[in-house]
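Enquirer: Sequence:
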Amino acid sequence: MDIESFQTDLIDWFEMEMRDLPWRKDQDPYKVWVSEIMLQQTRVDTVIPYFTRFLEKFPSIEVLAKADEDQVLKAWEGLGYYSRVRNLQSAVKEVHEKYAGQVPDDPNEIASLKGVGPYTAGAILSIAYGKPEPAVDGNVMRVLSRILLIWDDIAKPSTRKIFETAVRGLISHEKPSYFNQALMELGALICTPTSPSCLLCPVRDHCQAFEAGVQNELPVKTKKKKQRLVEMVVAVVKDKQNRILIRKRPESGLLANLWEFPSAEIVLGYRSEKEQFVDHFHETYQVNLSLGDMVGRIEHVFSHLIWNIHVFKGELHGDIQEGPGLKLVKAEELEEYAFPVSHQKIIKQYLGV
DNA sequence: GAGTCGTGGAA
DNA sequence: TTTCCAAGACT
Numbered sequence: 000m001d002i003e004s005f006q007t008d009l010i011d012w013f014e015m016e017m018r019d020l021p022w023r024k025d026q027d028p029y030k031v032w033v034s035e036i037m038l039q040q041t042r043v044d045t046v047i048p049y050f051t052r053f054l055e056k057f058p059s060i061e062v063l064a065k066a067d068e069d070q071v072l073k074a075w076e077g078l079g080y081y082s083r084v085r086n087l088q089s090a091v092k093e094v095h096e097k098y099a100g101q102v103p104d105d106p107n108e109i110a111s112l113k114g115v116g117p118y119t120a121g122a123i124l125s126i127a128y129g130k131p132e133p134a135v136d137g138n139v140m141r142v143l144s145r146i147l148l149i150w151d152d153i154a155k156p157s158t159r160k161i162f163e164t165a166v167r168g169l170i171s172h173e174k175p176s177y178f179n180q181a182l183m184e185l186g187a188l189i190c191t192p193t194s195p196s197c198l199l200c201p202v203r204d205h206c207q208a209f210e211a212g213v214q215n216e217l218p219v220k221t222k223k224k225k226q227r228l229v230e231m232v233v234a235v236v237k238d239k240q241n242r243i244l245i246r247k248r249p250e251s252g253l254l255a256n257l258w259e260f261p262s263a264e265i266v267l268g269y270r271s272e273k274e275q276f277v278d279h280f281h282e283t284y285q286v287n288l289s290l291g292d293m294v295g296r297i298e299h300v301f302s303h304l305i306w307n308i309h310v311f312k313g314e315l316h317g318d319i320q321e322g323p324g325l326k327l328v329k330a331e332e333l334e335e336y337a338f339p340v341s342h343q344k345i346i347k348q349y350l351g352v
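Heads up: the first sequence begins at 0 in numbering that gives the first Met the number 0, then just goes up one per residue.
Each hint should be verified, as a subset may be incorrect.
Unchecked claim - No farther apart than 25 Å at their CA atoms in a straight line, the calculated lysine-lysine pairs in the DSS-like style are these:
no., residue 1, residue 2
1, 273, 225
2, 174, 225
3, 273, 222
4, 237, 73
5, 130, 247
6, 247, 97
7, 237, 347
8, 56, 113
9, 222, 247
10, 222, 237
11, 329, 312
12, 273, 347
13, 312, 347
14, 73, 273
15, 237, 225
16, 155, 220
17, 220, 160
18, 347, 155
19, 344, 237
20, 237, 130
21, 160, 73
22, 220, 247
23, 113, 73
24, 73, 247
25, 65, 97
Said to hold, decoys possible - The following label-pair restraints were derived from C-beta to C-beta distances:
no., residue 1, residue 2, range
26, 269, 220, 38 to 48 Å
27, 215, 307, 44 to 54 Å
28, 198, 293, 53 to 63 Å
29, 104, 322, 39 to 49 Å
30, 198, 69, 20 to 30 Å
In case anyone wonders, no lab produced these hints; they're calculated from the structure. A virtual CB, placed ideally from N, CA and C, is assigned to each residue, including glycine.
Please take these sequences and the hints and turn them into a complete structure.
Expert: Shown next, in the form of structure tokens:
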């Protein structure tokens, strides 16, 4: 492989064809950082409006460092993988305090920031600082597995290192930012997972998989096992003043620190789901409530599990102690809180709007 | 190394 | 309808 002509063909194509994306307007390390966190496991089209709004609300490291976490989560509502933004704010606080607000350009320092793994570190170092560091994501592994005919299973974490080594040998030292972005852009636009557009590919002449006619066999990727089913009861509980009870989820684990309607995981074919929920509610809040009939059912699919949500309406009997993680709010005030999409569905279907 | 952690779109 | 994701990181 002629590395120089590969770099030239790839980068020339990128300079002609790169998409006009909001995070490509400049190379501000903070903006690059935010975009890379948002883009983790998330489509470009999904990220665009979130990125624009997020930077309007939190235009600088200082603003984000000082922002209220509930407001930050609200800006992330619907994007998923919510620990990303809590880690981002945590790391931004560290940069604000420890590095005087300047995103470090040292590989070890930047990789030590919360939420910044090998890919994101390389992306920031190359895109914002022009350093020839590999930024190996799913696109890069797919593209290079074809070009270099690499048959290792890209689902295995250890495989990423093989591609990092490959990139170190291929990356342009003149334009490392464009080189890394070009590999990803190629994966997104041309060298797609199924039916790659090889006839339009700018580096077709360098591609060993195309030469051998095996581009559809690569990359090798073992499939993940399917989700486990979880039965849930969620209750929209109102007090005598028609206020709705919401609570903040635990600070770790699934949907951490988001708000929700009181919920409980239940076991089918045991006591009635209504009975299980009322008992759980009393143990949790020391308050009685009555549940009506089930008003609906919602299935919500996560990466690793499926919630089968049984939706009930309930009435509070007695006073409940509000606190930082437990509130009674009017229906119009619900929009001020960040809810998971599963509970947004409940709001839409059973509370109107 | 394998499981956890979201969502909406495409094949 | 089902499957597989899409610019991963953390435990």
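Enquirer: Now, for every hint given, state plainly whether the structure supports it.
Expert: A quick look at each hint next to the structure:
Simply put, residue 273 and residue 225 have alpha-carbon atoms about 28 Å apart, too far for the 25 Å limit, and the pair is violated. At roughly 41 Å between alpha-carbon atoms, residue 174 and residue 225 are farther apart than 25 Å, so this suggested pair is violated. Simply put, residue 273 and residue 222 have alpha-carbon atoms about 38 Å apart, too far for the 25 Å limit, and the pair is violated. Of the supplied pair hints, the one linking residue 237 and residue 73 holds, its CA atoms being roughly 23 Å apart against a limit of 25 Å.
Note on residue 130 and residue 247: the hinted pairing is violated, with a Cα-Cα distance of about 42 Å set against a maximum of 25 Å. For the given pair, residue 247 sits about 31 Å from residue 97 by alpha-carbon distance, which is inconsistent with the 25 Å threshold. Between residue 237 and residue 347 the CA atoms are separated by roughly 16 Å; this keeps the pair inside 25 Å, and the hint holds. With a C-alpha separation of about 21 Å, the suggested pairing of residue 56 with residue 113 holds against the 25 Å cut-off.
Note on residue 222 and residue 247: the hinted pairing is violated, with a Cα-Cα distance of about 34 Å set against a maximum of 25 Å. Pair hint residue 222 plus residue 237 does not hold up; C-alpha atoms about 44 Å apart against a cutoff of 25 Å. Restraint check for residue 329 and residue 312: the C-alpha separation of about 15 Å stays at or below 25 Å, so the hint holds. The hinted pair formed by residue 273 and residue 347 meets the criterion: a straight-line CA distance of about 22 Å does not exceed 25 Å.
As the CA atoms of residue 312 and residue 347 are separated by approximately 14 Å, the hinted pair is consistent with the 25 Å bound. A hinted pair counts as satisfied when its Cα atoms are at most 25 Å apart, and residue 73 with residue 273 does not qualify at roughly 31 Å. The suggested pairing of residue 237 with residue 225 is violated, with an alpha-carbon distance near 37 Å, which exceeds 25 Å. Proposed proximity of residue 155 and residue 220 is supported: the alpha carbons are some 8 Å apart, at most 25 Å.
A C-alpha spacing of about 16 Å is found between residue 220 and residue 160, which places the hinted pair at or below 25 Å, so the restraint holds. For the proposed pair residue 347 and residue 155, the alpha carbon gap of about 40 Å is over 25 Å, so the pair is violated. Taking the CA atoms of residue 344 and residue 237, the gap is near 18 Å; set against the 25 Å cutoff, the hint holds. Only pairs whose Cα atoms come within 25 Å are accepted, and residue 237 paired with residue 130 is rejected, the gap being roughly 56 Å.
Between residue 160 and residue 73 the alpha-carbon distance is near 36 Å, which puts this suggested pair outside the 25 Å criterion. Straight-line distance between C-alpha atoms of residue 220 and residue 247 comes to about 38 Å, which puts the hinted pair past the 25 Å bound. A hinted pair counts as satisfied when its Cα atoms are at most 25 Å apart, and residue 113 with residue 73 qualifies at roughly 20 Å. Straight-line distance between C-alpha atoms of residue 73 and residue 247 comes to about 13 Å, which keeps the hinted pair within the 25 Å bound.
With a C-alpha separation of about 15 Å, the suggested pairing of residue 65 with residue 97 holds against the 25 Å cut-off. For residue 269 and residue 220, the Cβ-Cβ distance of about 40 Å falls inside the hinted range of 38 to 48 Å, so the restraint holds. Between residue 215 and residue 307 the Cβ separation comes to about 37 Å, which falls outside the hinted range of 44 to 54 Å. The supplied range of 53 to 63 Å is met by residue 198 and residue 293, whose beta-carbon atoms lie about 55 Å from each other.
Checked against the hint of 39 to 49 Å, the C-beta distance between residue 104 and residue 322 comes to roughly 43 Å, which is consistent with it. Hint check: residue 198 to residue 69, Cβ distance near 50 Å, so the stated range 20 to 30 Å is violated.
When the structure is compared with the earlier hints, violations turn up for hints 1, 2, 3, 5, 6, 9, 10, 14, 15, 18, 20, 21, 22, 27 and 30 and for no others.
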